[in-house]
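Chemist: Chains as they are written, first to last, in the working numbering: chain A, 2 to 446; chain B, 2 to 446; chain C, 2 to 446.
Keep in mind that a hint or two might mislead.
One copy or any two copies: either way a pair holds, since identical chains are not told apart in the list.
[Unchecked claim] The calculated lysine-lysine pairs, modelled on PhoX-like cross-linking and capped at a C-alpha distance of 20 Å, are:
| # | residue 1 | residue 2 |
| --- | --- | --- |
| 1 | 434 | 424 |
| 2 | 275 | 99 |
| 3 | 424 | 65 |
| 4 | 272 | 5 |
| 5 | 272 | 66 |
| 6 | 40 | 99 |
| 7 | 275 | 5 |
| 8 | 434 | 275 |
| 9 | 434 | 99 |
To be clear, the hints were calculated from the coordinates, so they are not data collected in a lab.
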Amino acid sequence: MLEKITMSRLRYAPLLVFQVILLILFFCFTTYADAEEVKQRISGFEDTHVMIFIGFAYLMTFLKKYCYSATGYNLLLAALIIQWSLLCQGFFDMKDGKISISLRQLLEADIMSATVLITFGALLGLASGTQLLFIAIVEAAVGCVNLYISEEIYKISDIGGSIGIHTYGAYFGLGVSAALRLKKSDPEPAPSNGVATIQSQKENIRLDGPSYTSDVTAMLGTIFLWIYWPSFNSGLAATEVERQRAIVNTYLSLASCTVVTFMLSAAVSHKPGKLDMVHIQNSTLAGGVAVGAVANMYIGPGGAIAVGMGAALISVLGYRYLTPQLEKLGVQDTCGVNNLHGMPGIYSGLLSALFAALATSEAYHNELGNVFPATSSIAAGHLASSTADPRSTGMQAAYQLIALATTLGLALGSGILSGLIAKTKLFSPLEEKQRYDDEMNWELP
Amino acid sequence: MLEKITMSRLRYAPLLVFQVILLILFFCFTTYADAEEVKQRISGFEDTHVMIFIGFAYLMTFLKKYCYSATGYNLLLAALIIQWSLLCQGFFDMKDGKISISLRQLLEADIMSATVLITFGALLGLASGTQLLFIAIVEAAVGCVNLYISEEIYKISDIGGSIGIHTYGAYFGLGVSAALRLKKSDPEPAPSNGVATIQSQKENIRLDGPSYTSDVTAMLGTIFLWIYWPSFNSGLAATEVERQRAIVNTYLSLASCTVVTFMLSAAVSHKPGKLDMVHIQNSTLAGGVAVGAVANMYIGPGGAIAVGMGAALISVLGYRYLTPQLEKLGVQDTCGVNNLHGMPGIYSGLLSALFAALATSEAYHNELGNVFPATSSIAAGHLASSTADPRSTGMQAAYQLIALATTLGLALGSGILSGLIAKTKLFSPLEEKQRYDDEMNWELP
Amino acid sequence: MLEKITMSRLRYAPLLVFQVILLILFFCFTTYADAEEVKQRISGFEDTHVMIFIGFAYLMTFLKKYCYSATGYNLLLAALIIQWSLLCQGFFDMKDGKISISLRQLLEADIMSATVLITFGALLGLASGTQLLFIAIVEAAVGCVNLYISEEIYKISDIGGSIGIHTYGAYFGLGVSAALRLKKSDPEPAPSNGVATIQSQKENIRLDGPSYTSDVTAMLGTIFLWIYWPSFNSGLAATEVERQRAIVNTYLSLASCTVVTFMLSAAVSHKPGKLDMVHIQNSTLAGGVAVGAVANMYIGPGGAIAVGMGAALISVLGYRYLTPQLEKLGVQDTCGVNNLHGMPGIYSGLLSALFAALATSEAYHNELGNVFPATSSIAAGHLASSTADPRSTGMQAAYQLIALATTLGLALGSGILSGLIAKTKLFSPLEEKQRYDDEMNWELP
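Generate the whole structure from the sequences, applying the supplied hints.
Modeler: In structure tokens form, the structure reads like this:
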């Protein structure tokens, strides 16, 4: 009995172990950036910080009895992963065996932590703390490798991370979810006289939804994400003119996406003509994802609006018709990240290939072209510039597609694999009746 | 029946129509700003963005059963109007048939959308979605014309938009409200055995107020508006010294206004000595409106404090004594925008005339004067400078008053007119019992 | 009766009196900073503004029936004290009998107001409005004197204000609390047939805690403080490289502190293995306080992580074991500011002495040293630099300790003294049953 209590008290002990490992690695391998590195152009760190820690956290408070976990675990996971990402991303960038840390690295770490929070959105209420911890560590490490491949090897353009962050995070999460599902069906007790099962399921159905208040706090997350998305998509721009172009495109895409989301929500919702809060909270943001990989390109203000309108269509229809189908297949996706990050991310990747292919070579090579469109800044993420790149526009388009495919493969593969590992007893998976419930993890008032 | 459902599902179809029109106009008439235009001084875009999308939205969540609409419609209206304003404002500024868009234009579009949100505050819970859509489009278009007249023709000083944004938005809203009221009395059923009427009115009275939780989320809106108001009033300043003067003045005016609001609220509230949340949520912000038109002038830190104290007086007494009188006349004003934006806006306009008249000519002409006061930056909104303007200080004062009068006339006139149009069946006005209720528009948990 | 009502209506009249005094002082003694002063390096004003007005306010909404007071009084106190601090801090810096005000002074006034809000946290629900007003005015004035001594006389390094703001504010508050406690025991009615007493105490115990909703709004305060703490600790840095170092250190310290807080919370909480929201809301922030006095030093990224881990230990154990002991002694500390600001502040002060003592003289004197650690920017708060200071590193360490001791002495002394004054009838102290209850001060729905 006493031992059981001690075990329970130490259930978060792996956190301490991992934190101590981080401590040692930081002591051995990191240093401050010098005065020269500090001058690198950077913007939007604080805004991105708000998106990660307020935006994602509050967006996930829509579940009525999972708000402590949504805000608490979001903070914990992000706090852990930003440290871990500093090491994983810096690993590819070491000088004399040291990783230099400045504001730019902090911003990149924040951005990488978004992948883990997107995955957390898919698994919201479905995974235990230990599972989340393991999944997060694997996801961020593989995510950094994937980003390295996209940016340094394929040299793709993906300034807003629609491929490397949103697509990756969403399909990693769906991979985990698919793997965890196997667990559920395998050892499930025979539902013979399944009164208890039915009852617990009923309760789950009740908990797996919002209250009036929790929807209002969730909107807070939505709106903060909406507000700062232009900063997210433009933070790593190399010049002021590129930065403002990325801001303008993101702003317009979000605006048109929002308008169309409202129209479509009333058109397809369960009660005819009424708006569905799930669409308003999530699909209004799909415009930010969809424009991500092309935000710094010459897609034109009109092009940005068109991109946003398409995003709303994909996202609202996905929530209404696709998510229920996936659930029938056993792939849970609590926040519907497939509709907010996944499909809009793929859409953005495809757009980036299209616009790269259509680019006039002048516009492509010297950024003078005002015509629609041009991939003026290839791989603006980490690379300073590749204007001297002899690639044809068609080649660039091909690389964009290859990077998208690589991302999907790596995300699903490593997601399923870590899900399979995480469903073992070692990671104390949740029972059906423990889902969507803060009671499991928190002292409640 | 089926047709009725289809009609209901398509009730937001006008949104899509308007969004497609916007798409076409953007394709034809807009482009990105070039590298030169991008260098124009600008600050406070993100801060203003938070005010528009979080501040206004959450301030309006004080109604207990209208929080989905407050946050949702705020997002929808603003997302629509920022696109529309980019076109309307850019129309006066076209080069070669094209409107150039940079961060500056986005900030100006955000600011213009505030007029529509102020009007939404007056009509909160009283107007249908279709009515709001129509009203918003008219309001923003006329608002851009009014701003053009004030800034380009009258060349007035109104850096914080107290005349062109706050006064305009408030009286446009009151005009609409007055017009909608006629509707109500006209076809109202004879209240003979008015049990139903009384009951529905009772219910409305119950819904037309806060809950404990909704007041706490409303304070979130208040405080974010309060925090970023200095950025709002200084975003378009031409120099750093002017920007910091505008920040200092706004900061001090808000601070003194807040202190006096608390004192007055306890003095006049219904329960002697207790504070009224309506005053705290709204009147504390009147200092930001009141200092708006003079924020960049040499009014002195002491002057800014005096301006804020006066604003609290106007606003709290307005809420306590004037709003109930207006309601008796049938002019509903749910958020009391007359007391937060309307009268403080007029007060600011009068102050701007006073300070222009009192300006020493040295201070007026060369911004050297440290004495109180001087209108150092005339029409800082859009004009770079008018230091070479041969106007006398008296003339400038006269123009400030003329612009205020023009604004009031245009706002009330176009407000009443669009209200009269919006009350026709075409715009599906609300019935009495549908007011202040999310049930009308949302799938509720 | 009528007179009583009038008295009640005028209970906030002292606010007006004090605001008029401020008005006069501002008219006589303040002016705008000139173009030269405006160029002084400054950052993080808006971020700090969010911390003061949203962060502190919402962190204090965890009490279920004190959210109006938490958000309202936080706004009132801060609005008052930022004006008062501009004068008190400027008093030491006058030129020609005038205080120049620019953005920098506003930031410093915001920072000083934090001391009062920390004290408000200790007294949350325990003090009347009049008491808070009096206490706040004294605290800010003495706080400015203390800061002057630390920075201008001792020339200590305390960029994040861990000594001058956090330690000072916490122990001033505990001093007041200890003094108010005497009051309670003195005139308490004999608990003979104390049914009423027991009942009222029971009710207090019920009010002295969170609801599910209030904990979710409190997390909003936590997270905004967490997000912007790097800006707070780096706002007054003299160079960009120093600023980024302060940001990196604060970011890492907060992150590691958060991870360890979760682990410890489950280990020591009342229900084995469950997380305690009090720890998550507060102890996760202790890393920001702990790194404050050394944030701009060469403590190394690993050093920052170690500092944060220690802060979590001090803070969580303090909440779990020390606060109940203090309460038994009669020292109430509603928000546990001793564990968030007090002990982590002392810890930071001790660290600043340690790192000063360990500094290599090269690193200390010319900021070239990349080795761990060096107090590169002494007294970065107000002084531009003291690189020419002939002090030895040991001397500097001694001054850090002396400043910490001075701060503790001044805080406790003036706190106890103003508590003793504030407990007289004149300041209408609360009765036991009025505690933690908005009913006292607000018209409730």
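Chemist: So, for every hint listed, does it hold in this structure?
Modeler: Each hint, compared with the structure:
Taking the closest pair of Cα atoms, residue 434 and residue 424 come within 20 Å of each other only inside a single copy of the chain (16 Å); across copies the shortest separation is 52 Å, beyond that limit. In the homo-oligomer, the alpha carbons of residue 275 and residue 99 never lie at most 20 Å apart, since the shortest distance is 57 Å inside one protomer and 39 Å across protomers. Neither within a single protomer nor between protomers do residue 424 and residue 65 lie at most 20 Å apart by alpha-carbon distance, with minima of 26 Å and 39 Å respectively. In this assembly of identical chains, the alpha carbons of residue 272 and residue 5 lie at most 20 Å apart only when taken from different copies (13 Å versus 49 Å within one copy).
For a Cα distance limit of 20 Å, the shortest separation of residue 272 from residue 66 across copies, 19 Å, qualifies, whereas the shortest one inside one copy, 25 Å, does not. In this assembly of identical chains, the alpha carbons of residue 40 and residue 99 lie at most 20 Å apart only when taken from the same copy (19 Å versus 36 Å across copies). With identical chains, the CA atoms of residue 275 and residue 5 are at most 20 Å apart between copies only, with a shortest distance of 14 Å across copies and 50 Å within one. Only between protomers do residue 434 and residue 275 lie at most 20 Å apart by alpha-carbon distance; the minimum there is 17 Å, versus 32 Å within a single protomer.
In this assembly of identical chains, residue 434 and residue 99 lie within 20 Å of each other by CA distance neither inside one copy nor across copies; the values are 48 Å within and 60 Å between.
Consistency with the previously given hints fails for numbers 2, 3 and 9, ordered from lowest to highest.
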